[in-house]
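Protein chains in written order, with my numbering: chain A, 1 to 147; chain B, 148 to 294; chain C, 295 to 441; chain D, 442 to 588.
In short, the hints are calculated from the structure, not lab data. The C-beta atom is built at its ideal place from N, Cα and C for all residues, glycine as well. Incorrect hints may appear among the rest.
Here chain A is said to cover these stretches of chain B; the calculated rule only asks that three of the stretch's residues, wherever they fall, bring their Cβ under 8 Å from a Cβ of chain A [stated by the list, open to error]:
hint, segment
1, 149 to 161
2, 183 to 190
3, 229 to 239
4, 264 to 273
Restraint-style ranges between C-beta atoms, simulated for each label pair [stated by the list, open to error]:
hint, chain 1, residue 1, chain 2, residue 2, range
5, C, G336, D, P568, 31 to 41 Å
6, A, P132, D, L508, 55 to 65 Å
7, D, V488, A, I55, 49 to 59 Å
Just a few of them, taken from the derived set where beta-carbon distance is under 7 Å, the chain C residues facing chain D [claimed, not checked]:
hint, residue
8, A312
9, F321
10, V322
11, W347
12, G350
13, R353
14, A355
15, C358
16, D359
17, A362
18, G367
19, P417
One-letter residues, chain by chain:
4 protein chains.
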Amino acid sequence: MADFHTRRRIEFADTDMAGICHFARFFVFMESAEHEFLASLGMRVMVDEEAGWQIGWPRVAASCDYLAPARFGDVLDLRVRLLRRGRTSLTWEHEISRDGTLVARGTVTTVRCRIGPDGTAAPIPLPPSLFPEPDALVSSAPSPRES
Amino acid sequence: MADFHTRRRIEFADTDMAGICHFARFFVFMESAEHEFLASLGMRVMVDEEAGWQIGWPRVAASCDYLAPARFGDVLDLRVRLLRRGRTSLTWEHEISRDGTLVARGTVTTVRCRIGPDGTAAPIPLPPSLFPEPDALVSSAPSPRES
Amino acid sequence: MADFHTRRRIEFADTDMAGICHFARFFVFMESAEHEFLASLGMRVMVDEEAGWQIGWPRVAASCDYLAPARFGDVLDLRVRLLRRGRTSLTWEHEISRDGTLVARGTVTTVRCRIGPDGTAAPIPLPPSLFPEPDALVSSAPSPRES
Amino acid sequence: MADFHTRRRIEFADTDMAGICHFARFFVFMESAEHEFLASLGMRVMVDEEAGWQIGWPRVAASCDYLAPARFGDVLDLRVRLLRRGRTSLTWEHEISRDGTLVARGTVTTVRCRIGPDGTAAPIPLPPSLFPEPDALVSSAPSPRES
Chain A
1 MADFHTRRRI
11 EFADTDMAGI
21 CHFARFFVFM
31 ESAEHEFLAS
41 LGMRVMVDEE
51 AGWQIGWPRV
61 AASCDYLAPA
71 RFGDVLDLRV
81 RLLRRGRTSL
91 TWEHEISRDG
101 TLVARGTVTT
111 VRCRIGPDGT
121 AAPIPLPPSL
131 FPEPDALVSS
141 APSPRES
Chain B
148 MADFHTRRRI
158 EFADTDMAGI
168 CHFARFFVFM
178 ESAEHEFLAS
188 LGMRVMVDEE
198 AGWQIGWPRV
208 AASCDYLAPA
218 RFGDVLDLRV
228 RLLRRGRTSL
238 TWEHEISRDG
248 TLVARGTVTT
258 VRCRIGPDGT
268 AAPIPLPPSL
278 FPEPDALVSS
288 APSPRES
Chain C
295 MADFHTRRRI
305 EFADTDMAGI
315 CHFARFFVFM
325 ESAEHEFLAS
335 LGMRVMVDEE
345 AGWQIGWPRV
355 AASCDYLAPA
365 RFGDVLDLRV
375 RLLRRGRTSL
385 TWEHEISRDG
395 TLVARGTVTT
405 VRCRIGPDGT
415 AAPIPLPPSL
425 FPEPDALVSS
435 APSPRES
Chain D
442 MADFHTRRRI
452 EFADTDMAGI
462 CHFARFFVFM
472 ESAEHEFLAS
482 LGMRVMVDEE
492 AGWQIGWPRV
502 AASCDYLAPA
512 RFGDVLDLRV
522 RLLRRGRTSL
532 TWEHEISRDG
542 TLVARGTVTT
552 VRCRIGPDGT
562 AAPIPLPPSL
572 FPEPDALVSS
582 APSPRES
């Protein structure tokens, strides 16, 4: 099924002088939740190929709405849903909450890429075994043909 | 005029194992550029008030599209434009480029808030002197009445 | 007993372009392990007092030796031992390993402080209940009288 | 001459909920200062070789003493001195100050390494042209033969 749940606790280094979790950290939280999701499906997130090439998941778009502050020590519930499966891309929807209160909501689009030693990335098709049933998705996007 | 330019160099700690600048760092770059912009206008970004209260600019929304990889040592041009001035909020548009090539484009909405010692934030009106001419803005949004 | 064990997995954002965990992240790992240790003893790590004052644990010294690289996805074992209990300070010894291989070893000295709204910190005595038996410590430092 | 000076301003994301620059960020500041120093001497800090190999400077030891808090907006003076030149390593001494007040003092040992695509690092000799006069160093260590 195309959703996943994990948790993490806000650390001291996540906070800023306003006394709350720094907004950029939520993007790290979302990325890690996605990686856990992929790992839970048996996908290796970064695959080393020969000569310094890798297969990975660069992000092409990321957004987040901040609804409530999160503080040091808070345990966050991170829910990840697959919003759209393209030919080479996955778009994730994230909900981050604390004790049932929504703290942040985000969307991230990642593209499966072959990444060269210098960081240059070229999209490659998703493995057919990864989220094979598009109709099981949250989004009813009409059979996407492209990333 | 409601735009601003600054620069920064990508540091080693900004990079990740894909060999490029980690995507979450761009949100830090955008935040710093906004802060430099405000400082250039004589605004203090965080103002300490009595008893642990502060006036600051929490973010309520942030997004970024990634168009090209940025690498260690790259010098980035950060351009900030005010897209919308609300009653309590500012929405910024960011363009991040390297040698004229657009690397990332983002939008960030911040709200001027009074922040309590525990991180609780309450919106307060923008100072009238801050970006007083709404018609000078990039966006032609019809006289925004609310944040 | 004055030692503690926890675990964490290296995240993508922890890595750098050399393909390993960035060295500065180990200091965050050590800090979080200390905080978990204190929390496990019922100590609140940051205590909000009135008017924006806090009681916390600023670091006055930190060091780390790096013995082996740690990579994305590695699960690290973090062992924390109390090396020295001063009047106002605690010195922690950290061992970070992966599958029994020592990856890093560090020492951190923190001082219990009353922290003002502006970040100014003044040392205060440790609570008597916190690690009351100095002879149970790893270090045989002769009854420290000062921080 | 084996010393170098640079500056940086503390950013919002550098701060933590105690209202000051987070201690782990100082290690990033020191690393960047070293990199600027090397770049000023015409050294490329990371050199891409074929097949995903790189030449770089992993850290084997890092320490920092924190003498005074640093706050958002503070401009820090970073002074780097070469403390010791080994056969494959450089040991740097860092002094970080603000308006003449010493804020932190650190030492970092880096080893010039050939780094494989998987992050494995093997020491290699320093280029003879890099800091060739050991007697010009701060340290009077007797002609170090080894890293």
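Okay, the hints, checked on the actual structure:
1. Under a criterion of three residues with beta carbons nearer than 8 Å to beta carbons of chain A, the stated coverage of the segment 149 to 161 of chain B fails, only 0 such residues being counted.
2. Note: the segment 183 to 190 of chain B has 0 residues with beta-carbon separation from chain A under 8 Å; the three-residue rule is not met and the coverage is violated.
3. Three residues within the 8 Å Cβ limit are the bar, and the segment 229 to 239 of chain B against chain A gives 0, so the coverage statement is violated.
4. Only residues whose beta carbon comes within less than 8 Å of a beta carbon in chain A count, and the segment 264 to 273 of chain B has 5; three or more means the coverage holds.
5. Taking the beta carbon of each, G336 of chain C and P568 of chain D are about 55 Å apart, not inside 31 to 41 Å as hinted.
6. For the pair P132 of chain A and L508 of chain D, the beta carbons lie near 59 Å from each other, so the given range of 55 to 65 Å is met.
7. V488 of chain D and I55 of chain A have their C-beta atoms about 24 Å apart, which leaves the hinted 49 to 59 Å range violated.
8. Annotation: A312 of chain C was flagged as interfacial toward chain D, and the flag holds, the nearest CB pair being 5 Å apart, inside 7 Å.
9. Hint status for F321 of chain C: holds, given a least beta-carbon distance of 4 Å to chain D, under 7 Å.
10. Given the 7 Å rule on beta carbons, the hint for V322 of chain C holds: about 5 Å separates it from the nearest Cβ of chain D.
11. For W347 of chain C, the interface hint is violated, the least distance from its beta-carbon to any beta-carbon of chain D being 11 Å, above 7 Å.
12. Using the Cβ-Cβ criterion of 7 Å, the hint placing G350 of chain C at the interface with chain D is satisfied: the shortest such distance is roughly 5 Å.
13. Taking 7 Å as the C-beta contact cut-off toward chain D, the hint placing R353 of chain C at the interface holds, the least distance being around 5 Å.
14. Here the hint on A355 of chain C is kept, as its CB sits about 5 Å from the closest CB of chain D, short of 7 Å.
15. Checking C358 of chain C against chain D by beta carbon gives a least distance of about 6 Å; that is within 7 Å, so the hint holds.
16. Interface restraint check for D359 of chain C: the shortest CB-CB distance to chain D comes to about 5 Å, inside 7 Å, so the restraint holds.
17. Because the closest C-beta pair between A362 of chain C and chain D is about 10 Å apart, greater than 7 Å, the hint is violated.
18. Violation of the interface hint for G367 of chain C is found here, the shortest Cβ-Cβ separation to chain D being roughly 12 Å, above the 7 Å cut-off.
19. With a least beta-carbon distance of about 13 Å to chain D, the hint placing P417 of chain C at the interface is violated under the 7 Å criterion.
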